[in-house]
Amino acid sequence: MVVDSVNWMAGGAQGSGVDTAANIFGKACGYGGLHVFGRREYHSNIKGLHSYFHLRISSREVLANVNDVDLLAAFDAETVVRHLNEVSPEGGVIIGTHQLGTKVMEIPTLPPEFKAEIAKFMKENGVGETLNDWLEHTKQRNVHVFPVPYMDLLAEIGEKLGIAQMSKITRMINVLTIGVSFALFKYDRTLAEKAVRETFAEKAKIAEMNVTALNIAYDYAMAHFDGFKHRLEKSAVNEERIFLTGNQAVAMGKVLGGCRVQTYYPITPAADESEFLEANQIIRSRNGEDEAIVVIQTEDEIAAVNAASGAALAGARAATSTSGPGFSLMVEGLSWAGNNEVPLVITYYQRGAPSTGLPTRHGQGDLRFAVHAGHGEFARIILASGDIRECFYDAAKVFNLAEKYQMPVIHLLDKAMANCSQTYPVFDYSKFKIERGEFLTEKELEGKEYRRFRFTETGISPRVALGTKNGVHWHTGDEHNEFGHISEEPLNRRLMVEKRMKKLELVLKEVPLEDKLKFYGDINAENIVVSWGSPKGAIIEALGILKQEGFRLGFIQVRLLHPFPAEEVKKALEGKKRIIDVEDNYTAQLGGIIREATGIAPNYYVLKYTGRPVTTTEVYKAIKNILTDKSSGKEVLTFGA
Amino acid sequence: MNALQMAFAELGLEPHQIVLVSGIGCSGKEAHNVKCYGVHTLHGRTLPFAMGIKIANPSLEVLAIGGDGDGLGIGAGHFVNAGRRNLDMTYIIHNNGVYGLTKGQASPTLRLGVQTKSLPKPNINEAVNGIALAIISGFTFVARSYAYDVRHLKDTIKQAIQHKGLAFIDCLQPCPTYNNVTTKEWYAGEDRKDASGKPQPRLYKLEEIGFDPVVRDWSEDFQKKMAALDKAREWDDRIPIGVFYKNELEPTFQERLSSRIPFYMERPPAKQKLCDENKFSTADLSEFIKELKAS
Ligand SMILES: Cc1ncc(C[n+]2csc(CCOP(=O)(O)OP(=O)(O)O)c2C)c(N)n1
Ligand code: SF4
Ligand SMILES: [Mg+2]
Chain A
1 MVVDSVNWMA GGAQGSGVDT AANIFGKACG YGGLHVFGRR EYHSNIKGLH
51 SYFHLRISSR EVLANVNDVD LLAAFDAETV VRHLNEVSPE GGVIIGTHQL
101 GTKVMEIPTL PPEFKAEIAK FMKENGVGET LNDWLEHTKQ RNVHVFPVPY
151 MDLLAEIGEK LGIAQMSKIT RMINVLTIGV SFALFKYDRT LAEKAVRETF
201 AEKAKIAEMN VTALNIAYDY AMAHFDGFKH RLEKSAVNEE RIFLTGNQAV
251 AMGKVLGGCR VQTYYPITPA ADESEFLEAN QIIRSRNGED EAIVVIQTED
301 EIAAVNAASG AALAGARAAT STSGPGFSLM VEGLSWAGNN EVPLVITYYQ
351 RGAPSTGLPT RHGQGDLRFA VHAGHGEFAR IILASGDIRE CFYDAAKVFN
401 LAEKYQMPVI HLLDKAMANC SQTYPVFDYS KFKIERGEFL TEKELEGKEY
451 RRFRFTETGI SPRVALGTKN GVHWHTGDEH NEFGHISEEP LNRRLMVEKR
501 MKKLELVLKE VPLEDKLKFY GDINAENIVV SWGSPKGAII EALGILKQEG
551 FRLGFIQVRL LHPFPAEEVK KALEGKKRII DVEDNYTAQL GGIIREATGI
601 APNYYVLKYT GRPVTTTEVY KAIKNILTDK SSGKEVLTFG A
Chain B
1 MNALQMAFAE LGLEPHQIVL VSGIGCSGKE AHNVKCYGVH TLHGRTLPFA
51 MGIKIANPSL EVLAIGGDGD GLGIGAGHFV NAGRRNLDMT YIIHNNGVYG
101 LTKGQASPTL RLGVQTKSLP KPNINEAVNG IALAIISGFT FVARSYAYDV
151 RHLKDTIKQA IQHKGLAFID CLQPCPTYNN VTTKEWYAGE DRKDASGKPQ
201 PRLYKLEEIG FDPVVRDWSE DFQKKMAALD KAREWDDRIP IGVFYKNELE
251 PTFQERLSSR IPFYMERPPA KQKLCDENKF STADLSEFIK ELKAS
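Chains as they are written, first to last, in my numbering: chain A, 1 to 641; chain B, 1 to 295.
These are calculated hints, taken from the structure and not from any lab test. A couple of the hints might just be wrong.
Stated by the list, open to error - As a list, the in silico DSS-like pairs of lysine-lysine whose alpha-carbon atoms are at most 30 Å apart:
#1 B:LYS103 to A:LYS205
#2 B:LYS29 to B:LYS103
#3 A:LYS448 to B:LYS29
#4 B:LYS103 to A:LYS518
Between the sequences and the hints, there should be enough to build the whole structure, so can you do that?
Okay, structure coming up:
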């Protein structure tokens with residue numbers, strides 16, 4: 001497999017500026033017309049433990065992560081120990097000279113399980129105990145080592161800027177590594193300067209300090225290092241681009257989609273979205289009259305979901321955003337919203353579970369939970385995005401679905417999408433329409449008797465916002481009659497259950513195909529991949545490589561997970577020789593749903609549950625194994641620190 | 001319920017301007033019996049629903065009602081946190097000492113050692129003091145009334161609605177079915193007659209003893225709170241009803257939101273247009289895009 005991208009990784013202790021470095025690096029590449037895909041991994045603690053950011057850079061759009069690292073910018077010794085084996089031949093490692101003598105077994109942050117692994121590695125390969133020994137060992141694989149005397153460089157910066165106190169500038173090691181990196185890649189340093197200035201736009205002094213650091217490091221590397229072959233070259237583009245995370249895309253999509261109340265209780269990896277929304281609370285409007293979104297941090301997720309329902313009943317487009325533990329608490333409220341046909345939107349970022357699980361890691365283990373959560377039977381819609389662009393458009397669309405069909409909608413996402421970042425041409429949002437469904441005004445109600453839950457052919461009863469004149473009505477978690485009053489009459493009960501449930505048929509009838517399924521690759525080939533959510537990017541890239549190698553293969557991305565588009569899925573899968581289900585969970589939950597709904601079962605599985613998203617590299621290898629009949633039927637993926 | 005209806009009428013509120021949010025308990029169904037918007041919610045969750053409604057459309061008159069189990073047991077977290085926000089709405093707890101709807105278990109306001117009819121053993125938990133909890137949680141109007149004193153209850157509800165900020169009413173309510181301890185007769189003091197055989201009522205009105213609950217300047221706040229807490233401790237022989245604490249100096253949640261969103265009251269979330277006449281979303285994302293720009 002040929003990787004046609006340059007892959008840069010920054011790693012260090014949480015809080016040492018890895019994220020900032022990656023952001024600057026990504027932006028600088030973007031300014032040079034390059035595409036970037038970034039993956040962020042961090043521990044569930046605030047400071048001290050290992051975190052890293054992998055960036056893939058290419059002149060074409062990059063959709064996923066790969067296993068390779070061409071240049072590893074290590075802020076500390078642990079980063080080297082963790083990622084050295086990922087560095088490709090002819091790749092490089094940037095490390096502080098003061099770290100070289102570090103005895104790897106004495107790195108205090110290494111957990112015992114990992115120490116056992118590296119002890120074994122050292123013994124088997126005869127590698128010595130210092131970081132230097134490790135680096136010498138990889139030179140056998142033609143990996144270049146670039147030791148940087150960070151302390152000397154910092155002293156030089158201090159002198160230049162007249163700062164005596166070193167502690168004030170040690171934070172800038174991250175920017176120094178960027179300077180060294182770009183020098184090694186022979187990349188235009190003015191673009192890096194621009195990115196630094198942009199990142200610290202609000203603090204001119206800090207921006208200048210960092211630009212100085214960047215240049216000193218760049219000059220140092222130009223003067224002292226050679227032999228590194230990877231290059232980053234500017235490429236001319238004539239489109240405007242953005243570099244954003246899934247969290248940010250969802251927040252923007254919500255604004256576009258008319259969300260005006262967002263409730264949340266802080267939880268990884270959802271909270272960043274709410275914070276981004278609150279920071280950008282005032283919404284500029286094309287009609288000149290500003291609007292605004294109210295973001296409320298509630299006391300718990302129970303309050304969050306029910307307050308969002310309340311806001312939706314009052315006529316605002318309202319949402320709440322959470323991950324597994326929070327959604328668990330929302331379930332009773334979801335059931336209430338289902339019973340009362342509330343247009344409630346829940347943005348659900350899956351993460352490593354069960355329980356607190358892997359709070360900052362990835363997983364797709366909650367599909368079944370999202371489909372079945374809540375006591376009793378009620379209608380809901382589950383829409384799953386597969387990339388950051390879809391996160392944006394879907395985050396807007398779900399409000400139309402919720403209001404048109406008057407039911408809760410779960411926008412199902414995952415940690416990989418939440419925290420990965422990608423460059424895109426600026427999203428065209430000029431065509432997005434707000435469809436509020438049957439929503440009556442005071443005038444339309446005049447002189448008529450209003451029944452909130454009126455029986456209709458489609459099951460959809462025209463809605464009225466609380467507070468509307470002539471529209472007084474009731475809601476209750478109990479079974480109710482057309483007015484919304486409690487009723488336990490069996491006939492009414494039957495009709496109400498049917499009214500609520502049959503709306504799902506309408507959803508299946510009306511939702512356009514591209515919101516149900518998306519097709520990629522050679523859909524008529526005898527082999528087909530099915531998946532949902534964030535593995536999409538890696539699958540599409542793997543398909544591209546396999547095509548070049550002569551394999552014919554299609555891919556179906558399932559987007560509408562409930563109500564399940566059984567007919568369309570069945571049509572796409574019928575008669576296939578190999579159906580390969582790719583998911584980031586243990587039980588192949590989509591595979592199970594497909595079998596349940598269509599009677600067709602996937603016969604190959606590619607599964608991953610290490611808490612890390614799948615990479616193009618490993619998906620490619622797994623699918624190739626399957627296509628060449630080397631697979632036992634189930635491929636379990638494991639890549640990633 | 002009567003008292004609510006009367007209070008609405010006297011305040012000249014029209015049915016469509018009012019939203020009555022109820023929980024699960026004997027009082028839950030009340031939302032269905034009053035002619036106004038009624039939202040009968042989940043056990044313990046009246047306040048979150050009410051909050052969402054009020055924030056989306058602050059012009060609505062929002063009242064939340066629920067049982068003592070609902071508000072001080074399963075919903076206690078919301079009770080405390082509602083105080084931190086001071087939304088301009090009213091919350092009434094029907095305090096009957098028991099879980100009426102589930103057949104008489106102890107509610108959080110039943111005191112230690114008391115054994116009501118359907119308890120197999122005397123209550124092993126001490127009671128929570130709703131009045132005191134409301135005061136220290138930040139409710140800015142805290143009062144108590146009595147279900148059988150309809151006029152007092154109605155007047156208290158009116159004051160609570162007119163209050164600027166979050167109002168709490170602890171409504172003492174005998175439960176003839178399950179609470180054979182704090183009964184109507186007990187409140188009336190029929191178990192303790194004076195020499196002439198006249199019952200000595202337990203309830204007395206704070207206004208009648210000249211108690212002044214109103215904070216007119218922040219410098220008075222601590223003392224007024226302490227005096228109110230002192231009154232909140234009274235139970236058994238003499239039980240105060242009336243207003244314990246009232247403070248309109250504290251900014252309401254609406255005022256706090258308005259300081260960030262200057263047009264919040266005119267164009268709250270439920271009243272924003274979202275789109276043009278052709279339904280195209282009018283949101284202009286250019287500032288977001290500027291922030292995320294990478295080219
Ligand atoms: C989550 C949940 N748990 C338990 C119940 C059962 N339940 C219904 S009403 C109630 C207690 C009601 O007591 P209170 O709030 O004091 O109201 P009262 O009936 O006394 O007026 C309980 C526990 C429920 N409806 N929901
Ligand atoms: S008497 Fe008691 S159980 Fe009956 S409705 Fe009243 S509070 Fe509930
Ligand atoms: Mg009770």
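Checked hints:
Restraint check for B:LYS103 and A:LYS205: the C-alpha separation of about 69 Å exceeds 30 Å, so the hint is violated. Pair hint B:LYS29 plus B:LYS103 holds up; C-alpha atoms about 16 Å apart against a cutoff of 30 Å. A distance of roughly 25 Å separates the Cα atoms of A:LYS448 and B:LYS29; the hinted pair therefore holds under the 30 Å criterion. Distance check on the hinted pair: B:LYS103 and A:LYS518 sit about 54 Å apart at the alpha-carbon level, beyond 30 Å; violated.
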